[in-house]
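Kindly produce the complete structure, drawing on both the sequences and the hints.
The listed protein sequences derive, respectively, from chains A and B. Residues 5 to 120 in our numbering are what the first sequence lists, from first letter to last. Residues 8 to 119 in our numbering are what the second sequence lists, from first letter to last.
It should be emphasised that the hints constitute simulated quantities derived from the structure, not laboratory data. You may find that some hints are simply not true.
Computed beta-carbon distance windows for the label pairs [said to hold, decoys possible]:
{"no.": "1", "chain 1": "B", "residue 1": "S90", "chain 2": "A", "residue 2": "R82", "range": "33 to 39 angstroms"}
{"no.": "2", "chain 1": "A", "residue 1": "R68", "chain 2": "B", "residue 2": "S65", "range": "40 to 46 angstroms"}
{"no.": "3", "chain 1": "A", "residue 1": "G63", "chain 2": "B", "residue 2": "D61", "range": "28 to 34 angstroms"}
{"no.": "4", "chain 1": "B", "residue 1": "E23", "chain 2": "A", "residue 2": "I59", "range": "44 to 50 angstroms"}
{"no.": "5", "chain 1": "A", "residue 1": "R19", "chain 2": "B", "residue 2": "A24", "range": "43 to 49 angstroms"}
Every beta carbon over 12 angstroms from chain A, so not counted as near; a handful from chain B, in silico [said to hold, decoys possible]:
{"no.": "6", "residue": "E22"}
{"no.": "7", "residue": "E23"}
{"no.": "8", "residue": "A24"}
{"no.": "9", "residue": "F25"}
{"no.": "10", "residue": "T33"}
{"no.": "11", "residue": "E49"}
{"no.": "12", "residue": "G50"}
{"no.": "13", "residue": "L53"}
{"no.": "14", "residue": "K67"}
{"no.": "15", "residue": "H81"}
{"no.": "16", "residue": "V89"}
{"no.": "17", "residue": "L107"}
{"no.": "18", "residue": "F109"}
{"no.": "19", "residue": "K111"}
{"no.": "20", "residue": "V117"}
{"no.": "21", "residue": "P119"}
With the C-beta cut set under 7 angstroms, the calculated list includes, among others, these residues of chain A facing chain B [claimed, not checked]:
{"no.": "22", "residue": "E45"}
{"no.": "23", "residue": "G46"}
{"no.": "24", "residue": "F49"}
{"no.": "25", "residue": "Y52"}
{"no.": "26", "residue": "E56"}
{"no.": "27", "residue": "I58"}
{"no.": "28", "residue": "E61"}
{"no.": "29", "residue": "F111"}
{"no.": "30", "residue": "G112"}
{"no.": "31", "residue": "E113"}
Note that beta-carbon positions come from the ideal geometry of N, C-alpha and C, so glycine has one too.
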Amino acid sequence: NAGVMQNPRHLVRRRGQEARLRCSPMKGHSHVYWYRQLPEEGLKFMVYLQKENIIDESGMPKERFSAEFPKEGPSILRIQQVVRGDSAAYFCASSPVGGPVAGELFFGEGSRLTVL
Amino acid sequence: GDSVTQMEGPVTLSEEAFLTINCTYTATGYPSLFWYVQYPGEGLQLLLKATKADDKGSNKGFEATYRKETTSFHLEKGSVQVSDSAVYFCALSTGANSKLTFGKGITLSVRP
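Here it is, written out as structure tokens:
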């Protein structure tokens, strides 16, 4: 079975451009989480989505960041007008229909965004 | 709010050495506790977990015991191997949405 697939693995953007990160959950999974890892820090929760619904976005910055998980296709994390402070590794995780079993999530390899 | 504190790294050990990685937490309610591992070039994967006080999680020779009295979940292995070289994250989860709160992670390097 394919695991959680993220792309691109590496993305370079100039300040002011847009970044789009994609995540395809594991087969049979309908819950998606996005986490951000800044240099020298642990992973920080950003947003939790189910198909067509945002369940919890308490970790998302108020401006420039948005996420979606459409009925068809991957989940998208979109960052508009990127700044250097957005440079980080962005990890997607998924869990099965019915929610995580005792909190276990399945993670992708991450997308590393560099803002010049 | 919830938080997880891990010991500072990196850690370098010789093969067959004993490993302890400290983890303490602060949480409201009764969290589930996890250790995730990230091997080079891969995503995080669950190593072990414990869902209530005094539970012991174990996998691949690693163990951790949920200590409510000391709010700790230290990771141990009796004899490390080169293949254990990775980044180790301690994490907790509370609430219905199963959001994970992670520590900063610690890099373990094992020399042959």
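Taking the hints in turn, this is what the structure says about them:
1. Judged by the Cβ atoms, the range 33 to 39 angstroms given for B:S90 and A:R82 holds: they are separated by roughly 38 angstroms.
2. The hint said 40 to 46 angstroms for the Cβ distance between A:R68 and B:S65, and at roughly 43 angstroms that hint holds.
3. At about 31 angstroms, the CB distance of A:G63 to B:D61 agrees with the hint of 28 to 34 angstroms.
4. Distance hint check: the CB atoms of B:E23 and A:I59 are about 46 angstroms apart, consistent with the given range 44 to 50 angstroms.
5. For the hinted restraint 43 to 49 angstroms between A:R19 and B:A24, the CB-CB distance of approximately 46 angstroms keeps it satisfied.
6. The beta carbon of B:E22 sits about 27 angstroms from the closest Cβ of chain A, which is more than 12 angstroms, so the claim that it is off the interface holds.
7. Even its closest Cβ contact with chain A, about 29 angstroms, leaves B:E23 beyond 12 angstroms, as expected for a residue assigned away from the interface.
8. Consistency note on B:A24: stated as away from chain A, and its beta-carbon is indeed over 12 angstroms from all of that chain's, at 25 angstroms minimum.
9. The non-interface label for B:F25 is consistent with chain A: the shortest C-beta to C-beta separation is roughly 25 angstroms, beyond 12 angstroms.
10. No beta-carbon of chain A comes within 12 angstroms of the beta-carbon of B:T33; the shortest separation is about 14 angstroms.
11. Here B:E49 does not stay apart from chain A, with its beta-carbon only about 6 angstroms from theirs, under the 12 angstroms limit.
12. A beta-carbon of chain A comes within 12 angstroms of the beta-carbon of B:G50; the shortest separation is about 4 angstroms.
13. For B:L53, the shortest C-beta to C-beta distance to chain A comes to about 5 angstroms, within the 12 angstroms cut-off, and the non-interface label is violated.
14. Taking the minimum C-beta to C-beta distance to chain A, about 16 angstroms, the non-interface status of B:K67 holds against the 12 angstroms cut.
15. Chain A leaves B:H81 outside its interface by the beta-carbon criterion, the shortest separation being 17 angstroms against a cut-off of 12 angstroms.
16. Non-interface call for B:V89 relative to chain A: holds, since the shortest CB-CB distance, roughly 22 angstroms, exceeds 12 angstroms.
17. Chain A draws B:L107 into its interface by the beta-carbon criterion, the shortest separation being 7 angstroms against a cut-off of 12 angstroms.
18. Here B:F109 does not stay apart from chain A, with its beta-carbon only about 4 angstroms from theirs, under the 12 angstroms limit.
19. Here B:K111 does not stay apart from chain A, with its beta-carbon only about 4 angstroms from theirs, under the 12 angstroms limit.
20. In this structure B:V117 is separated from chain A by more than 12 angstroms, as the shortest Cβ-Cβ distance comes to about 22 angstroms.
21. Consistency note on B:P119: stated as away from chain A, and its beta-carbon is indeed over 12 angstroms from all of that chain's, at 26 angstroms minimum.
22. With 7 angstroms as the threshold, the beta carbon of A:E45 comes within range of chain B, its nearest partner Cβ sitting at about 6 angstroms, so the hint holds.
23. With a least beta-carbon distance of about 4 angstroms to chain B, the hint placing A:G46 at the interface is held under the 7 angstroms criterion.
24. Because the smallest distance between the Cβ of A:F49 and any Cβ of chain B comes to about 5 angstroms, under 7 angstroms, the interface hint for this residue holds.
25. For A:Y52, the interface hint holds, the least distance from its beta-carbon to any beta-carbon of chain B being 6 angstroms, beneath 7 angstroms.
26. Of the supplied interface hints, the one on A:E56 is violated, with its beta-carbon coming no nearer than about 17 angstroms to a beta-carbon of chain B, more than 7 angstroms.
27. Nearest Cβ of chain B to the Cβ of A:I58: about 12 angstroms, over the 7 angstroms cut. The hint is violated.
28. At about 11 angstroms, the closest approach between the beta carbon of A:E61 and any beta carbon in chain B exceeds 7 angstroms, and the interface hint on this residue is violated.
29. Given hint, A:F111 at the interface with chain B, holds; its Cβ is 4 angstroms from that chain's nearest Cβ, closer than 7 angstroms.
30. Given hint, A:G112 at the interface with chain B, holds; its Cβ is 5 angstroms from that chain's nearest Cβ, closer than 7 angstroms.
31. Proximity of A:E113 to chain B holds as hinted, the smallest CB-CB distance being about 4 angstroms (cut-off 7 angstroms).
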